[in-house]
Amino acid sequence: MLIKIKDFAAFCNVSDRALRLYDKLGLFHPAYIDPKNGYRYYDTEQMLELNTIISFKKVGFSLQEIKEMKEAGLLKEQVIDRLCDKRREQQRIVEVATYNIENINAMLKALGMLKEPSDEQAEATKLARLACLENEKLEHDFSQILWL
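In terms of the working numbering, the sequence shown opens at residue 15 and continues consecutively.
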């Protein structure tokens, strides 16, 4: 079933500008473009493919990287390798950020501007972070990756 770009975008929780960009980059094309008025139409069956693109984008892949993976028709093992590489890259970023935060905290503490958090505050912060991660439910997104 074909639906207009605005409706497809709204249903998939992306902007129509994003869909136009994906088309321009050759990443994700409309199922049909009306030659008379240029209106773009998408098939409901394309939602899974768009969900896959969004899932990869959420975890830090660039649109160019996603396009290359899609065009290469990677096997499941190759996608897993790419995901593991991305995870290592993100872990390095977290390590650097953690190191920087520790240094900033040490500087603030030395200046008398930072108090040590209580155990209860630290535990509450940890639980809040875990709740945020669970809400993302990326496992669901990746379980439906189109080209696996």
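Treat each hint with caution, since some may be false.
Said to hold, decoys possible - The calculated lysine to aspartate or glutamate pairs, modelled on EDC-like cross-linking and capped at a C-alpha distance of 20 angstroms, are:
1. LYS84 x ASP99
2. LYS38 x GLU63
3. LYS50 x GLU63
4. LYS18 x GLU85
5. LYS81 x GLU91
6. LYS71 x GLU85
7. LYS84 x ASP57
8. LYS71 x ASP48
9. LYS129 x GLU116
10. LYS71 x ASP99
11. LYS81 x ASP95
12. LYS20 x GLU79
13. LYS81 x GLU109
14. LYS71 x GLU103
15. LYS20 x GLU59
16. LYS72 x ASP48
17. LYS71 x GLU82
18. LYS84 x GLU59
19. LYS90 x GLU63
20. LYS38 x GLU79
These aren't lab readings, by the way, just hints derived from the structure by calculation.
Hints and how they fare:
Between LYS84 and ASP99 the alpha-carbon distance is near 17 angstroms, which keeps this suggested pair within the 20 angstroms criterion. For the hint pairing LYS38 with GLU63, the CA-to-CA distance comes to about 16 angstroms; that is within 20 angstroms, so the pair holds. For the hint pairing LYS50 with GLU63, the CA-to-CA distance comes to about 27 angstroms; that exceeds 20 angstroms, so the pair is violated. With a C-alpha separation of about 26 angstroms, the suggested pairing of LYS18 with GLU85 is violated against the 20 angstroms cut-off.
A distance of roughly 18 angstroms separates the Cα atoms of LYS81 and GLU91; the hinted pair therefore holds under the 20 angstroms criterion. Among the hinted pairs, LYS71 with GLU85 is consistent with the structure: their alpha-carbon atoms are about 16 angstroms apart, no more than 20 angstroms. Of the supplied pair hints, the one linking LYS84 and ASP57 holds, its CA atoms being roughly 19 angstroms apart against a limit of 20 angstroms. Annotation: proposed proximity of LYS71 to ASP48 is violated, straight-line Cα distance about 29 angstroms (limit 20 angstroms).
Of the pairs offered as hints, the one joining LYS129 and GLU116 holds, with about 13 angstroms between alpha carbons and a cut-off of 20 angstroms not exceeded. Among the hinted pairs, LYS71 with ASP99 is consistent with the structure: their alpha-carbon atoms are about 15 angstroms apart, no more than 20 angstroms. For the given pair, LYS81 sits about 16 angstroms from ASP95 by alpha-carbon distance, which is consistent with the 20 angstroms threshold. Only pairs whose Cα atoms come within 20 angstroms are accepted, and LYS20 paired with GLU79 is rejected, the gap being roughly 26 angstroms.
The suggested pairing of LYS81 with GLU109 is violated, with an alpha-carbon distance near 28 angstroms, which exceeds 20 angstroms. Restraint check for LYS71 and GLU103: the C-alpha separation of about 14 angstroms stays at or below 20 angstroms, so the hint holds. At roughly 16 angstroms between alpha-carbon atoms, LYS20 and GLU59 fall within 20 angstroms of each other, so this suggested pair holds. Simply put, LYS72 and ASP48 have alpha-carbon atoms about 31 angstroms apart, too far for the 20 angstroms limit, and the pair is violated.
For a cut-off of 20 angstroms, the pair hint linking LYS71 to GLU82 stands: about 13 angstroms separates their Cα positions. Note on LYS84 and GLU59: the hinted pairing holds, with a Cα-Cα distance of about 17 angstroms set against a maximum of 20 angstroms. Taken as a hint, the LYS90 and GLU63 pair is honoured in the structure, with Cα atoms around 16 angstroms apart against an allowance of 20 angstroms. Of the supplied pair hints, the one linking LYS38 and GLU79 holds, its CA atoms being roughly 15 angstroms apart against a limit of 20 angstroms.
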